Amino acid sequence: MRIEVLYFAWLRERIGVPRERVETEAGTVRDLVAELRAREERYDAAFSDVSAVRVALDQELSDFDAALGDAREVAFFPPMTGG
Amino acid sequence: MPVVVQEDPFDPGAELSRLVAGRRDMGAMVTFTGLVRDTGAGDLRHMEIEHYPGMTVRAIEGMVAHATERWTLGAAHVVHRYGRMAVGEAIMMVATAAPHRGDAFAAAEFLMDYLKSRAPFWKKEVTDRGEDWVTARAEDEAALGRWS
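First to last, the sequence lines map onto chains B and X.
The numbering of the first sequence is my numbering, which starts it at 1 and goes up by one.
The numbering of the second sequence is my numbering, which starts it at 1 and goes up by one.
By construction, these hints were calculated from the structure, which means they are not laboratory data.
Since the model is a prediction, treat every value here as computed from it, not as a measurement.
Yeah, the Cβ is synthetic: ideal placement off N, Cα and C, and Gly gets one too.
Certain hints may be false.
FRET-style restraints, in silico, Cβ to Cβ [to be verified]:
| id | chain 1 | residue 1 | chain 2 | residue 2 | range |
| --- | --- | --- | --- | --- | --- |
| 1 | X | Ala86 | B | Ser48 | 30 to 40 Å |
| 2 | X | Phe105 | B | Arg2 | 16 to 26 Å |
| 3 | B | Asp70 | X | His66 | 21 to 31 Å |
| 4 | B | Phe64 | X | Gly22 | 16 to 26 Å |
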C-alpha cells in the first residue's frame with residue numbers, strides 16, 4: 001500500500017524532507033520504522049532511539065504497536081513542546 | 001472562534017474582551033499568556049515554532065471540548081502562534097470564562113498542561129551559539145497525570 005509519511009522538527013531535519021510517499025507492506029508503525037531504517041543511514045540515525053519519537057496516524061496520536069490499517073498518513077515527531 | 005492557530009501576532013487584551021462580550025452570566029475570567037523568554041545565556045535571537053497543520057486545530061479543539069465537559073464554563077479560547085517570534089512576544093494564550101472562578105482556574109490549567117505536551121508544536125531557539133530544538137520536560141509530561 002501507499003502511505004504519506006510526514007516528519008517534523010529534528011526528524012524532518014535529519015531525514016531531509018518534510019513528507020514523502022512510501023510504498024510499504026508494513027503491518028504496524030514499528031514495522032514501518034524498521035523498513036525506513038533499512039533504507040538509508042539518515043533514517044537509521046533519525047529512528048535510532050524511538051523512545052524520543054512520537055507518532056500520529058491520520059492526525060491522531062498513536063503508538064508504535066498500532067496497526068497501520070487503512071491509515072493514509074503517518075507522522076513522526078519528537079515530544080511536543082507547545083504552550 | 002474558540003481555537004485559533006496563526007502566524008501573526010495577536011492582542012491578548014482584544015481576545016479577552018471578546019471572550020465575555022454580551023454575557024451576563026460569567027463571574028470569572030482566567031487567562032494565561034505565554035511569552036518568548038530569553039535563554040539563560042541572554043543571547044536568544046528569536047524563536048521558531050513549527051506545527052502540524054492538519055492536526056493542530058483539531059487536537060486543541062479536542063482539549064477544549066474535554067474541558068467544557070468537565071467544568072462549567074461559559075467560554076474557552078486558545079490562540080497559538082507558529083513561525084518566527086522575538087523575545088517578549090506572546091506565543092499563545094488560553095482564556096476561560098465561567099460563572100465561578102474555581103472552574104475557570106482549573107480549566108485554564110488543564111488546557112495549559114495539555115497544550116504543553118499534546119498539541120503538535122515544536123519550539124526551536126536560535127541563539128548566537130546556533131539553533132536548538134527545545135526539549136520536552138519530564139515535569140510537563142508528569143503534570144498530565146493530575147487530570148486523569
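*Could one say that the CB atoms of Asp70 (chain B) and His66 (chain X) fall in the range 21 to 31 Å?*
holds (27 Å)
*Measuring from beta carbon to beta carbon, are Phe105 (chain X) and Arg2 (chain B) in 16 to 26 Å?*
violated (48 Å)
*Given the range 16 to 26 Å, decide if the beta-carbon distance of Phe64 (chain B) to Gly22 (chain X) lies inside it.*
48 Å Cβ-Cβ, so the 16 to 26 Å window is violated.
*asked:* Taking the Cβ atom of Ala86 (chain X) and the Cβ atom of Ser48 (chain B), is their distance within the range 30 to 40 Å?
replied: holds (35 Å)
In summary, the structure is inconsistent with hints 2, 4 from the numbered list given earlier, while agreeing with the others.
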